[in-house]
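Protein chains in written order, with my numbering: chain R, 46 to 285; chain S, 169 to 429.
It is possible that part of the hints are untrue.
[Unchecked claim] As a list, the in silico DSSO-like pairs of lysine-lysine whose alpha-carbon atoms are at most 27 angstroms apart:
| id | chain 1 | residue 1 | chain 2 | residue 2 |
| --- | --- | --- | --- | --- |
| 1 | R | Lys106 | S | Lys403 |
| 2 | R | Lys277 | R | Lys106 |
| 3 | R | Lys142 | S | Lys404 |
| 4 | S | Lys403 | R | Lys268 |
[As the list claims (entries may be wrong)] Quick list of the computed label-pair ranges, beta carbon to beta carbon:
| id | chain 1 | residue 1 | chain 2 | residue 2 | range |
| --- | --- | --- | --- | --- | --- |
| 5 | S | Gln419 | R | Lys276 | 51 to 61 angstroms |
| 6 | R | Arg132 | S | Pro238 | 17 to 27 angstroms |
| 7 | R | Thr232 | S | Glu232 | 44 to 54 angstroms |
No lab work stands behind these hints, which were simulated from the structure alone. All C-beta atoms in this analysis are idealised placements derived from N, C-alpha and C, irrespective of residue type, glycine included.
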Amino acid sequence: MSFDKRIDGRGFLDLRPMDARVGVIEKADGSAYFKMGDTVAYAAVYGPRELVPRFKQNPKKGILRCNYNMLPFSGVGERIRPGGNRRSKEISMVTEKALLPVVLLDHFPNSVVDVFIELPQTDAGSRCAGITAAALALADAGIPMKDLVSAVAVGKVDDKLVVDLRYEEEAFEGEVSDIPFAFIHNTGEVSLLQMDGIVDDENLIKLVDLARNAALKVYEVQKEALLEKFKKAGDSNERK
Amino acid sequence: MRGNDEVQHVLKYFENNVRYDNRGLTDYRDISYDLDVVKTAEGSASVKFGQTQVIAGVKLSIDEPYPDTPNKGNLMVEVSLSPLASENYLPGPPDMDAVEFSRVVDRGLREAPALDFEKLCIEEGEAVWNVSIDIVVINDDGNLIDVAGFAAMLALLNARFPKVVDGKVDYHELTDKKLPIKHLVIPTTIFKIDKYFFIDPISEEFELSEARLTLTRRDDGKICAIQKGGNFPLKKEDIVQMLAISKEKFQYLLKILKEVN
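Let the sequences and hints guide you as you build the complete structure.
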């Protein structure tokens with residue numbers, strides 16, 4: 046069977062419908078909601094706050110600590126046992142690395158900026174949705190940042206180069222690659238790059254460009270969400 | 169500008185295409201290996217890249233298949249950073265590096281795939297072979313992903329099925345039957361400091377490296393796993409250059425593995 050049509054009728058280079066909002070969790074210092082098709086991510090930022098245990102403190106700069114978690118009912122198959130596993134540990138780590146280049150942590154010696162990412166529902170692309178939401182939540186929290194980070198997965202399904210894979214496409218019988226990317230918006234640098242699957246060098250280089258173009262679309266949605274919040278803030282000031 | 173004296177120091181060397189140990193930037197250290205180093209394992213290999221040494225052991229057992237792959241054998245890969253390997257490690261649950269290294273090595277072997285998993289099925293839905301590869305770092309002098317991945321593949325090549333009596337494994341006797349190898353799989357990690365790319369770092373270089381990109385390839389040259397590491401981002405041109413270095417270095421390592429067969 047060859048792959049010549051996407052299950053949801055999208056073009057090969059189209060993203061799923063996106064929705065982004067910031068300030069969705071009132072208790073948090075910053076928060077965001079990001080939806081990409083059926084993949085939903087919440088991110089909350091707490092901090093900068095004092096880092097405990099204290100021996101982990103760095104007097105020169107703060108640390109960024111991310112935690113990625115798929116909720117028990119968020120997987121396509123059976124219940125996911127809570128408490129984390131090797132996969133979630135690794136994704137938490139790469140999420141941190143994806144965001145680290147833009148967060149100005151030297152403003153916060155001895156402190157930690159905690160980012161908690163929870164996914165209530167997923168249909169692939171969850172680490173990318175998490176990173177995109179986390180970047181928004183950091184901005185919403187007013188953490189000084191050099192830039193925004195936008196993430197999206199690309200890949201090759203059969204002989205087609207594809208953007209924003211869904212779970213069923215990742216599971217296609219035959220050659221598939223799933224390559225999550227994160228880009229620093231203004232510099233276009235890559236801060237997340239991983240792959241499951243099979244790809245050759247030539248297509249990988251093409252996919253870097255496709256991913257960058259797709260990430261620019263994610264960025265537009267992020268920007269809108271942030272502007273929306275400050276538009277509202279502006280309104281309430283006028284009312285005073 | 170980089171304030172770190174150690175980085176400035178290593179860059180002075182790199183400018184002249186020299187390393188602390190006199191190698192060029194894209195030269196491996198001396199690579200050596202021994203097979204069958206653990207009699208209690210069904211397959212094993214001890215691998216050294218310079219002073220970095222790991223031991224990989226394959227254990228085979230019969231188990232139920234996972235419900236979503238009733239006709240396929242199981243694979244488990246674990247890299248352990250033993251406290252004897254470096255002052256940085258302590259006994260206890262695996263730290264973040266161990267989890268990452270395990271998952272990167274696992275991904276390459278699984279995605280390639282290194283093994284013909286369907287041939288590891290004994291009875292569909294009932295019994296399959298469980299292949300567990302443990303890679304233990306004995307001395308950590310850098311470049312653990314590449315060394316661990318290389319050792320894992322060697323141990324798979326070295327493994328023999330144990331005897332099975334009435335559906336039970338008799339570990340006292342190994343047969344001559346080898347594992348169903350489908351692809352040879354090797355990770356190649358390219359490191360970056362400033363504008364310099366290099367491979368096979370010693371631990372000092374590993375700690376200073378700003379970014380790394382692991383490209384795991386299988387014997388037809390295709391990439392079967394990717395992992396970017398380090399705190400610094402990469403430009404597209406960096407990725408293109410790293411791909412080219414990896415392609416060449418992979419052939420060098422593949423040649424060594426092919427001599428085993």
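*Does the structure break any of the earlier hints, and which numbers would those be?*
2
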